Amino acid sequence: MHRFANPARFQRLSAAILPWSAGATVVLLIVGLYLSLVGSPADYQQGNTVRIMYIHVPAAWMSLFVYVNMAIAAACGLVWKHPLADLFTKAAAPVGAGFTFICLVTGSLWGAPMWGTWWVWDARLTSVLILFFLYLGHMALVNAFDDPQRGLRAGNVLLLVGIVNVPIIKFSVEWWNTLHQPASVIRMGGPTIDGSMLVPLLVMALGFTSYFVTVVLLRLRTEIVQRKIQTLRLTASQG
Amino acid sequence: MAEFFAMGGYAAYVWPAYGLAALVLVGLLAATWKALHGAEATLKALEGSRPARRRPRRNDAAATPAAEVGEG
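So the sequence lines, in the order shown, correspond to chains A and B.
Heads up, the first sequence is in the working numbering, so the first residue is 36 and it goes up one at a time.
Heads up, the second sequence is in the working numbering, so the first residue is 1075 and it goes up one at a time.
Treat the hints as calculated values from the structure; they're not laboratory data.
Bear in mind that the values here come from a model prediction, so they are computed numbers and not experimental data.
It is possible that some hints are incorrect.
What the hints assert, rightly or not - Just so you have them, the derived chain A footprint on chain B, three or more residues with Cβ under 8 angstroms:
#, stretch
1, 1086 to 1100
2, 1104 to 1114
3, 1118 to 1124
What the hints assert, rightly or not - Listed below are several chain A residues computed to face chain B (Cβ distance under 7 angstroms; list not exhaustive):
#, residue
4, Ile87
5, Gly133
6, Ile137
7, Val140
8, Thr141
9, Gly197
10, Asn200
11, Ile204
12, Thr227
13, Ile228
14, Val248
15, Val250
16, Arg254
17, Lys263
18, Gln265
19, Leu267
Where is the CB? At the ideal position from N, CA and C, for every residue including glycine.
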């Protein structure tokens, strides 16, 4: 794993991967959007509002997935001081925050016509809002320090402390009485959702994932370039 | 076609949901792209303004290896 700590090697690897992840993103999202808006049925109870699910659920999955990735990277950064692990947490945070925001707002847009409310302080919605604050808090914390290394380390600790929120979010609909419905896909006994809806859901989720890979690689490349700029400026001022 | 845009009467909820997702994802990509290109341009400018190093390194027997330690 430490082979990839070499920035030059990472730049080569990311340059090789990026065209594929970008291409996959475009193809998957186009197919996913077609399936979501045209190629899937309306729900017998919810009508066409069910189409919001094809944005809301993949965004929710991504918000958790990105956080877990960041927490693993935080552990790697703290334990092994792997430099790319630290930079990954910084690069991924805005993407995770974006997906969480999309999840919350599309959830409200779905809840307003279906539940009769834009918001409720049930366990699922509240814990996801906390996840959103954790992302924002991480971004603010990392940028609050003059020394970037200390900022990254503080951010890593925050990520590890906040990881308890992830199982809380996942099991909130089982442990508490929530307005939010229980799991229909990732559950014991397999998915209860019909295939005609599961397929668009999975395609959109894959599209969001390849989007995440693309944007994070781009942001990591930017971080590495900015490090080079810092080094050059430092040596120029000392030379 | 009109039926498609009406979304069974739920257009006011469905289209803003898709629109917001598109806005956030495209916006984030655009900001990322802009930051990357800005940084690369700055790097190019900085590298261009550096004083030229002694050349050639490999054939110059008098070149000290210690001078290269601080690079990259």
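When the structure is checked against the list of hints, which entries are broken? Sort them ascending. 9, 10, 11, 12, 13, 14 and 18
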